[in-house]
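Colleague: Chains as they are written, first to last, in my numbering: chain A, 213 to 519; chain B, 7 to 297.
Hints are not guaranteed to be accurate.
Said to hold, decoys possible - Across the chosen pairs, the derived CB separations fall in these ranges:
{"no.": "1", "chain 1": "A", "residue 1": "P336", "chain 2": "B", "residue 2": "S40", "range": "33 to 43 Å"}
{"no.": "2", "chain 1": "B", "residue 1": "Q223", "chain 2": "A", "residue 2": "H294", "range": "15 to 25 Å"}
{"no.": "3", "chain 1": "A", "residue 1": "L476", "chain 2": "B", "residue 2": "N8", "range": "50 to 60 Å"}
{"no.": "4", "chain 1": "A", "residue 1": "A406", "chain 2": "B", "residue 2": "A164", "range": "19 to 29 Å"}
{"no.": "5", "chain 1": "A", "residue 1": "V217", "chain 2": "B", "residue 2": "P191", "range": "39 to 49 Å"}
{"no.": "6", "chain 1": "B", "residue 1": "T108", "chain 2": "A", "residue 2": "L222", "range": "53 to 63 Å"}
{"no.": "7", "chain 1": "A", "residue 1": "L221", "chain 2": "B", "residue 2": "S40", "range": "41 to 51 Å"}
{"no.": "8", "chain 1": "A", "residue 1": "D512", "chain 2": "B", "residue 2": "V42", "range": "32 to 42 Å"}
Unchecked claim - Only some residues are given here: those of chain B computed to face chain A with a beta carbon under 10 Å:
{"no.": "9", "residue": "L157"}
{"no.": "10", "residue": "A206"}
{"no.": "11", "residue": "N234"}
The set of hints was computed from the structure by calculation and includes no laboratory data.
Beta carbons: idealized from backbone N, C-alpha and C, even for Gly.
These are the residues of each chain, in order.
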Amino acid sequence: MRAYVLRRLLLAVPTVFGVVTLVFLLIHLIPGDPVDVMLGETARAADKVRLRHQLGLDQPVPVQYARYLRRLARADFGRSLHSGRPVRRMIAARYPATLELAAAALLAALCIGGPLGLLAAARPRSALDAACRGVAVCGASMPNFWLGPLLILIFSIALEWTPVSGRGGLDHLVLPALTLGTGMAAILTRMLRATLLDRLGDDYVRTARAKGASEPRVLLKHALRNAAMPVVTVLGLQTGALLAGAIITETIFAWPGIGRLLLLAIQTRDYPLVQGCMLVIALSYVFINLGTDVLYALIDPRLRVDA
Amino acid sequence: MNRLLGSARGLAGVIIVVLLAAVAVWAPDLAPQSPVEQNLSEDLRPPRVEHPFGQDKLGRDVCSRVFYGARVSLAVGVLVACISAVLGLGVGAVAGYAGGRTDELVMRGIDVLLAFPGILLAIGLSAVLGPSLRNVLLALCAIGWTGYARLVRGEVLAWREREFVAAAIALGAPPVRVLCRHVIPQLLTPLVVQATFGAAGAIVAEASLSFLGLGVQPPTPSWGAMLNEGRSFLLVAPHVAIFPGLAIMLTVLGLNCLGDALRDAFDVREPADTGHGERPIASLRSGSPAS
């Protein structure tokens, strides 16, 4: 197991390196002079020189890159151009809110997608199956920037059950979590249904049925356990994607997370903050995928042997 | 085609996509008025006969803007899907056929791009390049080709082991001819299926970027930007957000249904093949060049 984890970690090194390089290069894609874009063309020449020096843009690109890597090694993302505060602290203050939202969305997806997938697989080609698949197709086709306002309209404005926006108690979390988790729930429903139907045709399921096991027991004890691998794959990949999807959900619900911070940074052209937020979200995605790989090995011992 | 239209999902997908295309092409004839014509004295008025979807905060006709918005969405969906598919086809085919270091290098590069959640990279690129339709296309194509390249590479790896490809190589066909004449034609079906889902993804991504203010800029009508404008008036004029939202949902639903139906129509498991994984989708096409 240790060898497998070590191998996965080593494989992640070039990916992390690539992500860091891409985020570094982002600022160099700005058309024209980045300092002009950040300060405006009418800014004083002295201010431009100072900012260029502060960002290291007066140095050759390889030198800038080496400095960037050195700073990152010390977890130093630079300072915000607008507030002057260290980017690391600004992100650290917002990151827990995004994690809270992503975890709640994951829970919502499991609570909706799990039962729907099980019900659909339990009665394939029935009206119940069609209904579950219909809900899944609609969920997958509903972008969160459309679902969010719709949920606000129904539950916050018409029914007055939940607050419209902001972060607070559980009631604040319900709508953002549903908005962010619905797409994932739809994918989970379809994936779980397809995988369970595959497993229900296997020999060991036939044996369990022949031995008199009840249908719920066959489904939950025998088929579901063996259907876990592909479902974990999807959950792992989608959990990482939740962090990116949170950018829109946080904007809709004024949720004070890293996604909203990124958007504010983009609007104010605070590029060190943009780079910091992007790097943290992308690295979180990489490490969540890595965690998923390790989880596979825990679920399926064959992977550890193959490794 | 019969198999595609034979399923309810396929039929629904085709109808929605054809309707969307018709609305986009004939938007100037179908729209009740110009999408940018303002009437400040009639702001946020609810739907009625002259304005079936109501009016927005500047008194513009929401129906006309939704119809013209279909042009932007459809153009982005089709262009991003086509450009990404061609790029992915080229890169994936070369990587899969060449193998060795070329393959390793290309795949590591793709891994890095895929290490970013797609929308995050699109947001980052749009942020640095500046908000415009051209930059949205650039950003979406820059991330979109990776999925196609992975698919094509996998398929090429499988197809290059087949006898008819080996025969072509043995007869002295140069690599470009082997790829273009014998391998790539086998990949068209999975590519079309992937492109259908890709178009849906691109439409949602464009709408997301426009919703965040990083995409199509006013006064050009875009469903995402309209939804964002309408968000502020949910209490007093929900129609401003509801109609563009419904348009996005229906479009994505149609493309997803079409993609699912296309996949089901071509991706049929053969009885003799069960239990050993799925065969390449294209292998079910009738007759390979060597057969």
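Colleague: It remains to establish, for every hint, whether it holds in the given structure.
Modeller: Hint-by-hint comparison with the structure:
Look at P336/A against S40/B: about 51 Å separates their beta carbons, and that is not inside 33 to 43 Å. One distance hint, 15 to 25 Å for the beta-carbon pair Q223/B and H294/A, holds here, with the actual separation near 23 Å. In this structure the hint that L476/A and N8/B lie 50 to 60 Å apart at CB holds, the actual value being about 53 Å. Remark: the range hint 19 to 29 Å for A406/A to A164/B is upheld by a beta-carbon distance near 22 Å.
Roughly 43 Å separates the CB atoms of V217/A and P191/B, a value that falls within the hinted 39 to 49 Å. The hinted range of 53 to 63 Å is not satisfied by T108/B and L222/A, whose Cβ atoms lie roughly 22 Å apart. About 59 Å separates the C-beta atoms of L221/A and S40/B, a value inconsistent with the hinted range of 41 to 51 Å. A hinted range of 32 to 42 Å is violated for the C-beta pair D512/A and V42/B, which are about 58 Å apart.
Interface hint status for L157/B: violated, as the beta-carbon distance to the closest one in chain A is roughly 16 Å, over 10 Å. For A206/B, the interface hint holds, the least distance from its beta-carbon to any beta-carbon of chain A being 8 Å, beneath 10 Å. At about 8 Å, the closest approach between the beta carbon of N234/B and any beta carbon in chain A falls short of 10 Å, and the interface hint on this residue holds.
Hint compliance for this structure: hints 1, 6, 7, 8 and 9 are broken, all remaining hints hold.
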